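Please work from the sequences and hints to get the whole structure.
In order, the protein sequences belong to chains B and U.
For the first sequence, the working numbering gives the first residue as 1, with consecutive numbering after it.
For the second sequence, the working numbering gives the first residue as 1001, with consecutive numbering after it.
Hints are supplied without guarantee of correctness; some may be wrong.
What the hints assert, rightly or not - Estimated spans, in silico, between C-beta atoms of each pair: (1) B/Gly139 / U/Arg1048: 43 to 53 angstroms; (2) B/Ala193 / U/Glu1098: 57 to 67 angstroms; (3) B/Lys123 / U/Leu1201: 56 to 66 angstroms; (4) B/Asp15 / U/Gly1212: 22 to 32 angstroms; (5) U/Glu1197 / B/Thr117: 23 to 33 angstroms.
Treat the hints as calculated values from the structure; they're not laboratory data.
Computed from a predicted structure; not experimentally measured.
Ideal Cβ positions, reconstructed from N, Cα and C, are used throughout, including at glycine.
Now for the letters of each chain:
Number of protein chains: 2
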Amino acid sequence: MEEMIKVAVDAMGGDYAPSEAIKGAVAAVKEKDNVEVYLVGKQEILERELASCTYPKERIHIVGASEVIETGEPPVAAIRGKKNSSIVVGMKLVRQGEADAFVSAGSSGAILVGGTTIVGRIKGVERAPLAPLIPTKDGVSLLIDCGANVDARASHLVQFARMGSIYMEHVMGVKNPRVGIVNIGVEEEKGNALVKETYPLLKECKDINFIGSIEAREIPAGAADVIVSEAFVGNVILKLYEGLGATLISKIKGSMMSSFRSKMGALLVKPAMKKTLKSFDASQYGGAPLLGLKGLVVKCHGNSKETEFKNAIIQCISFKEQRISQRIGENLVAVQEKKEEI
Amino acid sequence: MEEMIKVAVDAMGGDYAPSEAIKGAVAAVKEKDNVEVYLVGKQEILERELASCTYPKERIHIVGASEVIETGEPPVAAIRGKKNSSIVVGMKLVRQGEADAFVSAGSSGAILVGGTTIVGRIKGVERAPLAPLIPTKDGVSLLIDCGANVDARASHLVQFARMGSIYMEHVMGVKNPRVGIVNIGVEEEKGNALVKETYPLLKECKDINFIGSIEAREIPAGAADVIVSEAFVGNVILKLYEGLGATLISKIKGSMMSSFRSKMGALLVKPAMKKTLKSFDASQYGGAPLLGLKGLVVKCHGNSKETEFKNAIIQCISFKEQRISQRIGENLVAVQEKKEEI
Chain B
1 MEEMIKVAVD AMGGDYAPSE AIKGAVAAVK EKDNVEVYLV GKQEILEREL ASCTYPKERI
61 HIVGASEVIE TGEPPVAAIR GKKNSSIVVG MKLVRQGEAD AFVSAGSSGA ILVGGTTIVG
121 RIKGVERAPL APLIPTKDGV SLLIDCGANV DARASHLVQF ARMGSIYMEH VMGVKNPRVG
181 IVNIGVEEEK GNALVKETYP LLKECKDINF IGSIEAREIP AGAADVIVSE AFVGNVILKL
241 YEGLGATLIS KIKGSMMSSF RSKMGALLVK PAMKKTLKSF DASQYGGAPL LGLKGLVVKC
301 HGNSKETEFK NAIIQCISFK EQRISQRIGE NLVAVQEKKE EI
Chain U
1001 MEEMIKVAVD AMGGDYAPSE AIKGAVAAVK EKDNVEVYLV GKQEILEREL ASCTYPKERI
1061 HIVGASEVIE TGEPPVAAIR GKKNSSIVVG MKLVRQGEAD AFVSAGSSGA ILVGGTTIVG
1121 RIKGVERAPL APLIPTKDGV SLLIDCGANV DARASHLVQF ARMGSIYMEH VMGVKNPRVG
1181 IVNIGVEEEK GNALVKETYP LLKECKDINF IGSIEAREIP AGAADVIVSE AFVGNVILKL
1241 YEGLGATLIS KIKGSMMSSF RSKMGALLVK PAMKKTLKSF DASQYGGAPL LGLKGLVVKC
1301 HGNSKETEFK NAIIQCISFK EQRISQRIGE NLVAVQEKKE EI
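Here it is as structure tokens:
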């Protein structure tokens, strides 16, 4: 019998909680036979919402959690203080092995803190990076790290490169993924202190396909599969992707409404263009995994709807099937042993 | 009589040297009566190119410079070693007061190094930031710093905020410009060590309109007039603007060619859309001033053509007329005196 993947879903997180998270869970179990969802949140509300859905009953369960961590709350205090919140309860399921993964569109800060303190890092992992997929000209790239660890050290970035490489190869199926470090020029001597320290360390890594520095200009063209960056810079890249895309699209739409001639044209190009713009929407690629933890934690965008939740849940299947956490652990142990040999 | 503004132009810098720089100079003197251009570069080549142009002869002069600094050369060595290069010769004209400004599309590194070592900083200025205008939804914002000083300190960023504010108010005519610092969240406690240190200092500045943190997502929407950032992050923002714009446009064009229906529509929307996309092209706003120097230095994009050179030259007129360097000097002296009083 096929192994069943168990995913805990924070039903209380995100702008459209709980209905979109529930719809996403229903869609996921209908699409995939080997996934079981634990919806975590206020029991009565979830029961009422679920009552109107049709789905294989044995594969969606409700786990009660009476509290909710709000987006504005200081993360550390929230994780410590709200023991019965959907985030803490959901993450405990992962820690105790009752779920393989936890998906949430709730407070980023709380998810990052909870990931490290509740689920816990794999032995040898110094920091757990948040690594969303971002759209590029002909595919996607993994942006690692993008908000979990500001002011990171060079050794952290080297681990991010390794973990990102494992993820892209085994979850996304990219053979020998190209790893680049975000820099302000392509020459080896360019960069800030952190990049200058990290570059030679990445060059020495025999287990990754390091292609050197990439400038931010080249990211949308797909210059690397794994884009290594300190969290502050990574976050700026991710947010600018969103903001610039939205502004450009609104300007283009505006220009199309500027004359009778262009309005006619707009009607004709609309279907083709909509498809293109959709493919360039960073939010559609499910969620961002928090890598390097003992179980998978996936952070979805706050404005996630049914499709994003569904994609995030399905993403957990390959993560588990491909044994990503084990691979990361083995890789880091191997690197450590090699160092000790020398 | 109106004061004549003297602009030295590096005729040997950029991808289309020397012809586009020359065309830009010719266009500028034709458009504005109060500007005089000193074209710096290889005498014979410039004489030959100029011979075919019609322009007011008394307002374009050639200044011979036999060497050229290439883009790949290590900047410090190039500035020291090539005393007769167009960049060094042009900057010396500014230092000696023979020109008010220097415009170049050549090596960024050499321009930054030369700006500080040849033209020199205004007394009190700790670092000279590179500050391009970037397009936003309904206008432009000044991105300061974007490549001149990686690993800057908090006191540098505070000066950038002041200088940027003066520039936007007096050159761009923005009343009481809104100053924001790039951050990964809008709450005061968010950020990396540098931003956390800089934020309270900016809050204390009575001479600027500090509006707090802005996320990269809000930049394209025009959330601030002056966007303060450490150079590494600023450079990433600028380059991603270019790269993402180019990729999105190429994808949209591709989608329009995908069917007969959309091809027809494309013909109709093309004129309106072209205008919109042009307004969102970062390279069209002349050049990026290097602020805080004793004279103006403007860095143009390497792929600048006639219009960009012309705009950069014309930009120098308001800079000089509005006495930006003097204003910056006075502002910093005033701040210094206030500190000493306390």
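How the hints compare with the structure:
A C-beta distance of roughly 49 angstroms is found between B/Gly139 and U/Arg1048, which places it inside the suggested range of 43 to 53 angstroms. Hint check: B/Ala193 to U/Glu1098, Cβ distance near 39 angstroms, so the stated range 57 to 67 angstroms is violated. For the pair B/Lys123 and U/Leu1201, the supplied restraint of 56 to 66 angstroms is violated, since their beta-carbon distance comes to about 41 angstroms. Evaluation of the 22 to 32 angstroms hint for B/Asp15 and U/Gly1212 yields a pass: the beta carbon distance comes to about 23 angstroms.
Checking the proposed 23 to 33 angstroms range against U/Glu1197 and B/Thr117 shows it holds: the Cβ atoms sit about 27 angstroms from each other.
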